[in-house]
Amino acid sequence: MLLFGLDGPKDAIETKAFDSALPTQGLVVFEAHAQNRMRAWDYAMGIVKRVSGRSLVVEYPPEGTKGWSRFWKYGEGWPAGIPTSRSINVPGLVPARDVLTLLQKPQTFRWSPGDAGQWGGPNGWLEHGHGTTPIVLALWFFVAAFVVSWAVAQVMNEDRGPFVSEMLVLVALSPAALVLGGAFARMGGVGAWPLWLVLAELTLYLLAVVTRLATRVWWPDAHPLWGPSIVGLTTIVAFDPLWSDLSNRFGAIDADVPGAGVGAAVAYLAAGIAFAPGRWFGRGLVFCALIWGITARPWWVDGHAGLLVLPAVALVAAEGLFRPALLLLLALLPTGLWTAIREGVAWSPANLVLFADQIHALNLWQHFIGILSPGWLATLALVAFGLLIGTRFLAYRLHKLLRLDPRLRTFVWMIPAILALGVTEPLILPAFPVLVFAALIVLAYDGLRANA
Numbered sequence: 000m001l002l003f004g005l006d007g008p009k010d011a012i013e014t015k016a017f018d019s020a021l022p023t024q025g026l027v028v029f030e031a032h033a034q035n036r037m038r039a040w041d042y043a044m045g046i047v048k049r050v051s052g053r054s055l056v057v058e059y060p061p062e063g064t065k066g067w068s069r070f071w072k073y074g075e076g077w078p079a080g081i082p083t084s085r086s087i088n089v090p091g092l093v094p095a096r097d098v099l100t101l102l103q104k105p106q107t108f109r110w111s112p113g114d115a116g117q118w119g120g121p122n123g124w125l126e127h128g129h130g131t132t133p134i135v136l137a138l139w140f141f142v143a144a145f146v147v148s149w150a151v152a153q154v155m156n157e158d159r160g161p162f163v164s165e166m167l168v169l170v171a172l173s174p175a176a177l178v179l180g181g182a183f184a185r186m187g188g189v190g191a192w193p194l195w196l197v198l199a200e201l202t203l204y205l206l207a208v209v210t211r212l213a214t215r216v217w218w219p220d221a222h223p224l225w226g227p228s229i230v231g232l233t234t235i236v237a238f239d240p241l242w243s244d245l246s247n248r249f250g251a252i253d254a255d256v257p258g259a260g261v262g263a264a265v266a267y268l269a270a271g272i273a274f275a276p277g278r279w280f281g282r283g284l285v286f287c288a289l290i291w292g293i294t295a296r297p298w299w300v301d302g303h304a305g306l307l308v309l310p311a312v313a314l315v316a317a318e319g320l321f322r323p324a325l326l327l328l329l330a331l332l333p334t335g336l337w338t339a340i341r342e343g344v345a346w347s348p349a350n351l352v353l354f355a356d357q358i359h360a361l362n363l364w365q366h367f368i369g370i371l372s373p374g375w376l377a378t379l380a381l382v383a384f385g386l387l388i389g390t391r392f393l394a395y396r397l398h399k400l401l402r403l404d405p406r407l408r409t410f411v412w413m414i415p416a417i418l419a420l421g422v423t424e425p426l427i428l429p430a431f432p433v434l435v436f437a438a439l440i441v442l443a444y445d446g447l448r449a450n451a
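Sequential numbering of the sequence shown, starting at 0, is according to numbering that gives the first Met the number 0.
No lab work stands behind these hints: they were computed from the structure.
What follows is a list of derived Cβ distance ranges for each label pair:
1. Lys399 to Glu342: 46 to 52 Å
2. Ile290 to Val208: 27 to 33 Å
3. Phe367 to Lys399: 34 to 40 Å
Using 27 Å as the maximum straight-line C-alpha spacing, the simulated DSSO-like pairs for lysine-lysine come out as follows:
4. Lys104 to Lys48
5. Lys104 to Lys72
6. Lys48 to Lys72
Quick reminder that beta carbons are idealized off the backbone N, C-alpha and C, glycines included.
Could you put together the complete structure from these sequences and hints?
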């Protein structure tokens, strides 16, 4: 039995009175509504007691402006523990489209022990994702823009800027710190999230210092940012960005693939390839990434096979083989284009479809919301700042950097590559500003090195 406990406007569901005896088999849907919440619950419990088998009470509509509500399991036949939907992979968080499946076929879900008190439960993470995550991302882009602008000013003044160089490294490690901080919060509770973030940033920075010292000894020809990029890449591979502020899973707009997380992973991978002490080391990284993506279908693929081209694109760019014609191929990638042809195109705000045949369609609304993210706005502001203070001397320094070290062009090519791929895979459009800032960090860092 599925029971909707309506506490508020009841126009959302049309209900009929049912006073007859309850059937002993099949699915029955009831509504429990009353002006007083306690009376509504009394009515709901009265119905639950009359039903043999599983019962599920769903609170609807959600309280206030929340996009989620609660449910309660009653009766016999339920597995022990908390259900985990395979489409979301968060214990206790069940999409509305899976509620009937949970009631009728609970064995199709994974069931885990009830340890929500340890990691905060889905409610705590949803509140964090809706309230804190947008602020965190906006602050990160603001701080990154400030540090990059500071570094550019130092480059124009021909200063060495050792302190600013370290600030650039800290900013470059911040996406990985968000992922590691999320892993800490998953173990110790999301309520202490600021503490976990600071601890993660310090941990990664210390590791980056150690790797840079080791690189100077063993591979003196490697770029100074190669060590930090390997630290960041290892962190994102080892810990799932789903449990971080780079993920949209707990935000107001759910997405299968964390676009910002993909951007950070691609930036670290591109740096790991381009700045590696030897070409075969970078090629080995790409080979491992492709094998991992094909066999395990990790978070950065998750039903979007077209994203498997990203490691190969990073390698082609790092090897100096990227050509503008490849952008057209990425824009018309067979997997995404075939989805648009087979499933059609739809406009579904907040990913809420009106018809069942739109579930797998190419949602143009994702393109629209993707370019309204804080990262895009920060990127536009930084471009405006560059046009405002830009001089011929700055353009000359940039041209000189790209000419003296062709490896830097890797990041220049990855930016339009992500935009082209976003035509048929709009979920990764939030990766664009991340890659823009990654390119600016690398160019500013090398500009300061050239002043030394």
